[in-house]
Each structure stands twice: as C-alpha cells, then as structure tokens.
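Produce the complete structure using the sequences and hints provided.
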Amino acid sequence: MEQVLRQTWGFLFRDYHLTRRYFSWVVVFTFYAVVNSATVVLIGVAAGDRRLTLTLMVGVMLWGLLSVVFQEIANSITYERWEGTLEYTFMAPVSRLIHLAGVSLFSTAYAVVRAVIIVLGMLLFVDIDLSRANWPGLVVVLAVSSVAFIGLGLMAAVLPVFSPERGAEATNIFQGVLLLVSGVYYDVSVLPRWLQPLSVVSPATYALSACRKLVGIGAGSEMVAGAPLSACAYELTVLTLMGLVFVPLGLYVFALVERWAKQTGKLKRTG
Amino acid sequence: MSNLGIEVRSLSKSFSKRKGLMRTRRSVTRALADVSFEVAVGETYGLLGPNGSGKSTLIRVLSTLLTPDEGDVRMLGYHIPGEEDEVRRRVGRVSVDAAFYKKLSARENLLYSALLYGLDKAAAERRALEILEALGMEGEKFTDPLEELSRGMQQKVAITRALLVNPPLLLLDEPTTGLDPKSRRDVQTFLEKLRGEHGTTILLTSHDMAETERLCARIGFIAGGRLIAEGTADELKATAGAETLDDAFIALAGQKLDDEGEKRREAVLAEA
Ligand SMILES: Nc1ncnc2c1ncn2[C@@H]1O[C@H](COP(=O)(O)OP(=O)(O)O)[C@@H](O)[C@H]1O
Ligand SMILES: [Mg+2]
Numbered sequence: 001m002e003q004v005l006r007q008t009w010g011f012l013f014r015d016y017h018l019t020r021r022y023f024s025w026v027v028v029f030t031f032y033a034v035v036n037s038a039t040v041v042l043i044g045v046a047a048g049d050r051r052l053t054l055t056l057m058v059g060v061m062l063w064g065l066l067s068v069v070f071q072e073i074a075n076s077i078t079y080e081r082w083e084g085t086l087e088y089t090f091m092a093p094v095s096r097l098i099h100l101a102g103v104s105l106f107s108t109a110y111a112v113v114r115a116v117i118i119v120l121g122m123l124l125f126v127d128i129d130l131s132r133a134n135w136p137g138l139v140v141v142l143a144v145s146s147v148a149f150i151g152l153g154l155m156a157a158v159l160p161v162f163s164p165e166r167g168a169e170a171t172n173i174f175q176g177v178l179l180l181v182s183g184v185y186y187d188v189s190v191l192p193r194w195l196q197p198l199s200v201v202s203p204a205t206y207a208l209s210a211c212r213k214l215v216g217i218g219a220g221s222e223m224v225a226g227a228p229l230s231a232c233a234y235e236l237t238v239l240t241l242m243g244l245v246f247v248p249l250g251l252y253v254f255a256l257v258e259r260w261a262k263q264t265g266k267l268k269r270t271g
Numbered sequence: 001m002s003n004l005g006i007e008v009r010s011l012s013k014s015f016s017k018r019k020g021l022m023r024t025r026r027s028v029t030r031a032l033a034d035v036s037f038e039v040a041v042g043e044t045y046g047l048l049g050p051n052g053s054g055k056s057t058l059i060r061v062l063s064t065l066l067t068p069d070e071g072d073v074r075m076l077g078y079h080i081p082g083e084e085d086e087v088r089r090r091v092g093r094v095s096v097d098a099a100f101y102k103k104l105s106a107r108e109n110l111l112y113s114a115l116l117y118g119l120d121k122a123a124a125e126r127r128a129l130e131i132l133e134a135l136g137m138e139g140e141k142f143t144d145p146l147e148e149l150s151r152g153m154q155q156k157v158a159i160t161r162a163l164l165v166n167p168p169l170l171l172l173d174e175p176t177t178g179l180d181p182k183s184r185r186d187v188q189t190f191l192e193k194l195r196g197e198h199g200t201t202i203l204l205t206s207h208d209m210a211e212t213e214r215l216c217a218r219i220g221f222i223a224g225g226r227l228i229a230e231g232t233a234d235e236l237k238a239t240a241g242a243e244t245l246d247d248a249f250i251a252l253a254g255q256k257l258d259d260e261g262e263k264r265r266e267a268v269l270a271e272a
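If you read the sequences in order, they're chains Z and A.
Counting from 1, one number per residue, gives the positions in the first sequence under this note's numbering.
Counting from 1, one number per residue, gives the positions in the second sequence under this note's numbering.
Rather than coming from a laboratory, the hints here were simulated on the basis of the structure.
Among these hints, one or two may not hold up.
[Stated by the list, open to error] Straight-line distance between alpha carbons at most 25 angstroms, and here's what the computed SDA-like set of lysine to any residue pairs gives: (1) 266/Z / 102/A; (2) 17/A / 259/Z; (3) 19/A / 33/A; (4) 19/A / 259/Z; (5) 102/A / 30/Z; (6) 17/A / 256/Z; (7) 268/Z / 147/A; (8) 103/A / 125/A; (9) 193/A / 136/A; (10) 103/A / 18/Z; (11) 268/Z / 224/A; (12) 121/A / 105/Z; (13) 237/A / 218/A.
Only a predicted model underlies this, so the values are computations on that prediction, with no experimental measurement involved.
Written out as structure tokens, the structure is:
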C-alpha cells in the first residue's frame, strides 16, 4: 500500500515540478484561455440576451475543464517521448494502472484549477448573477463527466507511441471534433443532420445539457432557478455508463499498444 | 539454484520497417541473431561491438522494454518473457543518451524515479547525494535544471538514477561514450568500486577497448547481431593470435570496431 502511494505520489511530484518549471507558459495559456472565454461570453452580453450569455458561460466553463482533462492526459506520453524518459517510466516496477491514475489525478486537478480561474476571470468582464444556479449539482455533473473524459484521454494518450507527431495531430483533430459535435456554445439541433449522430456519442453533449438545466436555462427564453439534480437523471446515467466503459477501454487500449510497441521497438525515442 | 545473474539463450530480435512510396516493401533488420551467454552473479561482462551491432537492443530486451522474438532470458532466475515485474525491481539501466526531463533538476528527476521504485523520498535524496559525490559531482548542481549541466554531469546523474535503488543487476549501455576524459575516469573508478563493494552483476556495452579491458572480467564480441567470440581479454587475443583487443576484434569479426560505415546492415527479406 505504501508502495502504491509513493508511486502515485511520484507522478504527482513529477507533474507538479514540470508545471512549476514551465510556469510562465502556464500563465500565458491561462491568460489566453481567460481572454478567449470572456470574448465568447461578451457575444451574449452584446446581444443583450441573458439566456445566450449564460449558455456561452456554461460552454466556456465546461469546455475549459473537460478539454484540459482530456488534453493533459492525452499529451502526457507525448511529453515523455519528447524528453526520452518514456523508456525509464516503462521499465520502472509500476503498474500501468498506477501510472495512468497518477497522470489522470494531476491532469484533473490542474484542469479544475484552470477552470476556476477561467470562471473567476470571466466574472471580471461579465456582470451576471449566478447565485440561483445549483452549484452542488454542477460539481456532481462535472465530476462524473470528467471520468468519461479521462477515459477518452487514456485512449488518446497512447497514440504518440505509434508516432509522436501523428499522435499529437490525431489528438488535436479528435478534440476539435468533440468541440464541434457536442454543441458547446449552441444546441446540437443546429448542426447539419449528418453530424448529429456524432453528438450522441460525445460525453460533452450530456454534460452540457445537464449543466444548462442546473444553471437555470429553461426551454423558453425565461430564466428559472437552477434545476435539482434529479432533473438530470438521464444525462447522469449516460455519463456514468460512458465513464464505466471509456476508462477500462482506455486502459485496455493502452495495454494493447504497449505490448505491440515492445514487440516492434516503438518505445524508442527515434524510430 | 544457479548463481547466474544473467542467462541468455538463443535470443533473437528483428525489426521490420515499411519502405517505398506505397510503404509496401518491408525491410527486416535482424538486430540479434541467436545470442547466448551467461554472466555470473557479481561478474562484470563486457559486450564489444561497432555501432548497429545490436548492443542496445540486447540491453532493451534485458530491461523488459523489448519482447524477444525467440529465446529465453533469465535475470537472477526470473524469466523474460513472463516475470517482467520481478525483473524490473532488480534492474538498473544507463543508456547513452541522458533521458531526463531537461527542465527538471537532478534532484527532481532522481526523486521522481526513486518514488516510482517505492523508495522513501528523504532516504533517496541522501543516497543520491552520496552517489553523486562519489562520482565527483558537486552538490550545488543538484537543484539546477538538467539542461544546464554538461553531458558528463548528466551522465553521472543517469548513473545515480540507476544506482539509487541499489539494483543487483546493472545494465550499462555505453555509459562513457561522449564523456570528457575526467568524467570517464570518474565513472570507471566508481564502477570498479561498486563491483568490489556491492557484488553487483554488471553488463557493460562499449566500443572502447581500453575501458572494457579495464572493467570486465569477460568480454563478448558482437557484430551484426551475433555473438562471435567470448572470453577473457587474454583468451580473445590468443584465439585471434593478436597483440591487442582491437586487432583481435578485426581478426574475428572481419571489421573494425569503430567503423561507422557498418552502421546499417539491413537485409531486405520480404517484398510484398
Ligand atoms: N526500435 C528499433 N526499431 C527499428 N530498428 C531498430 C530499433 N532498435 C534498433 N534497431 C536496428 O537494429 C540494429 C541494432 O541496433 P542497436 O541495438 O541500437 O545497435 P548498437 O547499440 O550496437 O549500436 C540497427 O540496425 C538498428 O537500426
Ligand atoms: Mg547502442
């Protein structure tokens, strides 16, 4: 047990210090994210539409969290390949489960801090009353949807083992598709009909739908108080199932590719 | 049971690559072909071979980073493939390239590795400083980003990483290649001490004759993925009827040891 804790701590320790050493970049990226979020939400303010403003705000907050969870996990192996440390991590007596749990833990914590900063930063630019939102409900939905995104991140994380560059490219394309089909800033019904089936398989679609209810965006234009969590039972069920499928699937895919890489010599930095 | 540290039987490993415009041609490199040898517990065994002869591939198989195609490997009695977890706990490895997080300090890189092996952080830090000192590295560099350290110092940190867990088996892949003469001597002296004091089983690859002769009780010549001769330095010279180990290698392998031109020996076996 102590061994497991130390190993998990090892990944948190590493990622904490990497974040610290690259802190100026973290500040720059966060600054950009805050400003970008504010400009999106100000579209709603300019339109004088409180409902639109809130919808955009939910989108910004949710995407700010989930995309970072996904991205950080997906890029963790890419970083290791660039640095050349991947072989050393893989020859350490650490189970892949602990390795990936450590990476996921840090990524999620990092994403949460980023999302909080984005929301706080946004409130500097936009005057909006969020006191009627169901905050505990939002936390539950975000936690459950993070698990599904961790699973997606794990599947993407292993791509750079095939090819560092192609892997990173595929990760970005995949993230872009998620952004498009999940209806982050709009209802998915506005998407072309041929794209709509894709929105059904994205966990972000359900997370967004639930968060909109919880923040108090009703069906019509009138503003209502945040809905109780029970109003999101369907979304929560789907998100939970997705998490239950995606995380084991992500671990399985990772293990398969790792085995293949050891047979074909793809763990090496070059080649 | 036997007192063998490393036991390698009929080990083969090939890599295939797709080639050509349509990526339809497949070229196969036989990196290791039917390699067999043994290293006793506490012995230092040297593998001498030119670039591309399969040394690193062998080290990677022994450190569980590559699965063998054929053959059987035992590390302190534990099988590869099959008992990789047991092997991982007992093996330290140093490679030619210093594979570190370059923005992190030696301290951070080393503690990260120590934690993965389940060591106590404070104890690991003390031990790391001891080893670095024994290797002749000043303590004040301990907290500087690794990218600011010279290659020699980075390699000393790499050796420290491998030794931090006190592994009974040490795999050293050209640990002194590209080092300045002083660092090279520091490392060699340290390895001699280590073998004397801890009885560590060491497999060392090199293309430096003098180093191998100084450090290794027995030496294997490897060329084109094959182990072509084996013995003490004197035995190898006698077999080849040569004055020096260099000449012995040329006589037995039919090529020079530091021949860069021999780097790629790819046989196109299959075309589809
Ligand atoms: N991961 C890999 N993928 C493809 N080919 C490889 C890989 N590793 C080694 N090789 C090839 O196998 C041969 C032996 O390489 P290597 O073991 O690195 O030799 P050495 O360490 O003696 O220089 C070379 O031809 C090299 O190109
Ligand atoms: Mg090599």
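CA of residue 102/A to CA of residue 30/Z, is that 25 angstroms or under? 23 angstroms, holds
Note to self: Run the distance test for residue 103/A versus residue 18/Z: straight-line Cα separation, threshold 25 angstroms.
What the structure shows: Distance ~7 angstroms between residue 103/A and residue 18/Z Cα, so the pair holds.
- request: Decide if the proposed pair is consistent with the structure: residue 17/A and residue 259/Z, CA atoms, cutoff 25 angstroms inclusive.
  value: 18 angstroms, holds
Could you grab the alpha-carbon distance between residue 121/A and residue 105/Z and see if it respects the 25 angstroms cut-off?
-> 20 angstroms, holds
Requested in this report: For the pair we were handed, residue 237/A and residue 218/A, check the Cα-Cα distance against 25 angstroms.
Outcome: 12 angstroms, holds
Between residue 17/A and residue 256/Z, does the CA-CA distance stay at or below 25 angstroms?
20 angstroms, holds
(message) Hint check: residue 19/A vs residue 33/A, CA-CA at most 25 angstroms. Holds or violated?
(response) Roughly 22 angstroms between the alpha carbons, so the hint for residue 19/A and residue 33/A holds.
Worksheet item: Within a Cα-Cα threshold of 25 angstroms, do residue 268/Z and residue 147/A meet the stated pairing?
Response: Since the Cα atoms of residue 268/Z and residue 147/A sit roughly 21 angstroms apart, the hinted pair holds (cutoff 25 angstroms).
Practice item. Measure nothing beyond the straight line between the CA atoms of residue 268/Z and residue 224/A; if it is 25 angstroms or shorter, mark the hint as holding. Key: 20 angstroms, holds
Practice prompt. With a cut-off of 25 angstroms on the C-alpha distance, tell me whether residue 266/Z and residue 102/A pass.
Written response: 22 angstroms, holds
ask   = Given the hinted pair residue 19/A and residue 259/Z, is their alpha-carbon gap at most 25 angstroms?
value = 23 angstroms, holds
> Within a Cα-Cα threshold of 25 angstroms, do residue 103/A and residue 125/A meet the stated pairing?
Replying inline: OK: residue 103/A and residue 125/A at ~19 angstroms, within 25 angstroms.
The earlier numbered hints are all upheld by this structure, with none contradicted.
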